[in-house]
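Asks: Chain residues, written in single-letter form:
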Amino acid sequence: MNTTFEYVISVLIIALILGFSIISLNTIQDTQLQPLKEEQLRPVAERFLDKVLLSKGYPYNWGADIFVSPDPSSDPSLELRKLEDVGLAANSTNLYTIDVYKVMRLVKEVSAGQSTIENPLYVDPEYLGNLTGLRENGQWKYGFRLLMKTALNINVSATFSGHGSQEMAESFKVNVSTYSGKPAANAIVAAKYFCFYVEQIGTGSDKYVWNYTYTTFYNKTDWKGMTTLDFYNDTSFWEYVDQQKNNNPFFFLFITANYYGLQSQEVWTYPQVETISLMLQGRYLIVNFVPPEHGTKLEYPKAAHFMGGLHLNTNLTLVEFTSDLNVIFDPVINVSSTGRAYKIINMGGKNYRVYELSAYCSPDVLFAGMVVSSVLKSGGRTDWFAYASRPLVPTAIDYRSHYQDWKIFPQVGIKNEVLSRIVRIGLNSYYVELTLWRMSE
Amino acid sequence: MPEVAIPHVIGTLMLLMLMSVVSLYTIAVGISSNLDTSAVSLQEVAENVASEVISLLDLSTVSGNASFTYKVIDIPEAINGQGYTLRIQQSNLSWAIVASLDQYNSVRGEAKLFFSSFDSASPLRCQTEGGGADDYFIINSGGQTYKLWYGPILPSGTGKAPGSSFKPVVWCQIYIEDGIQKIRVGLGRLQVS
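Chains as they are written, first to last, in the working numbering: chain A, 4 to 444; chain B, 767 to 959.
Mixed in with the good hints there might be a few duds.
Simulated coverage check for chain A against chain B, where a stretch passes if three residues somewhere in it have a Cβ under 8 Å from a Cβ of chain B [stated by the list, open to error]: (1) 18-25; (2) 71-83.
Over the 10 Å line for every Cβ pair with chain B, so calculated as not near, a few chain A residues [said to hold, decoys possible]: (3) 87; (4) 114; (5) 135; (6) 174; (7) 202; (8) 357; (9) 398.
Think of the hints as simulated: they come from the structure by calculation, not from any bench. Here the structure is a predicted model, which is why all the values come from computation and not from measurement. Cβ atoms here follow ideal geometry from the backbone N, Cα and C, with glycine treated the same way.
All chains, full assembly: derive it from the sequences and hints.
Replies: And the structure:
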């Protein structure tokens, strides 16, 4: 029997040696294949980013055409067409040129102060996931986050000083940095400083008109990316502004920074009034007015805006600011309501008001504003300037497959790929970053 | 004497049996490892070809004019010494490039093209069929005439005509039909001589 035991022990020893060898071989192979599998995420991410940025989608003008919808059956009364393919490229022969209307379709809502507009043309990420195959059978196969922001960060701080009989912002410190946060030295900064005002020209129902004047200034940033725009010495501008002191003048500084071909824009307004949200979609301007919750105290003139219906006094014209510092006036047309109803917002439960513009905004239009003048119950008048940007600045898009705050994807430890590109909308540059990860590894 | 021999016989038989089992298992593990490696390589090939398709599609559609564009792609002739096939096919609701071993069809790599396939009226279509005797385009370039046979690619050489030389390609055709611009993309082999 001793011999039998010897054999049994021999068999066990051999089995153990072979077993460990096989396990080791498998482990080595898995270890070698795993990096290869992880590396394969990169071409997937590159392909997806190219697909999103370089293809136009279908229908090709799906951004501006408000009758293109992910769900055409949602409103049988309209002849909606189906959005069949999503791509952000503009109808242009230049690569990496993006259509601003398509970008705006990826924005869920626009908020300004206490007012929010939910984008009725929003394309849900799940729909994009189903179209592209990132989602299969109702589950995400890959998670993604598409972030788009201005290529340059422009921070503006105003210096106020007494000028004539008024306290005016006459000098601005501008700090320009790149998307990665580095100072943009020797960047060229150009600015137009507008003063809008509303004046009374008669006694009829449309007795108020708005008008404006402006001045320009150029400068170059220092090694820290800082520069100063000093409008103090433009005496003719300030004399003109001083003459409008009884017409509620309000100011709009429109800044362009160009850093070796990268261009971004920013605005600064005074007085800062954020009671109305604007959104441009296709040829339509959507305006929203949401009263604050009961009991909220607001300082004049903000408080006045929340009292009952808001009657707009002036002609409704959109002021469009282009990326080459030009200004376009786009009147509101084809208002379906009768009488003066179209000039009333915050009427009852109807917070939204949709206006049609006489023309599509050019792709170069980054900011669009509207002079709003209203009659108060007291008989007085208040004026302000509401503006919208498209795409939104500084973050144009934060479009992602998962939005849960408590479960931010990708979680720590999950292999992900981050790719970036520089794209253009009009003359402006944007930094696009895609993060892609597998939902199971 | 027999009492001494029996344990040796039993032990030797056990050793032989163990060696047989271990040998079979080792072969199975070897095949499995080989197929795993092949699957990773196939995935790599599929990803690269899918990237080529998307790049070609993006470049071709920039102008918007009717055109036919192709690009010769560099892919291995065999994966771990085994023949494989590349094709475009539907995967759920979108198109994908699929590379599969000829011998083990279930060993495959699949790379999404990221555009949808669920709407047959879509102007963007993928050419999934082909490989027949009449399935080719005539291409005139530089005073010479070439044939581009569309359909699945068999890089290992299956289907090559005697005396001919084929190169694997991806192609994109933009044409106008009923006033609508339509796009077709596919795989194929370019007969260069």
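Asks: Which of the listed hints are not met by the structure?
Replies: Numbers 2, 3 and 5, in rising order.
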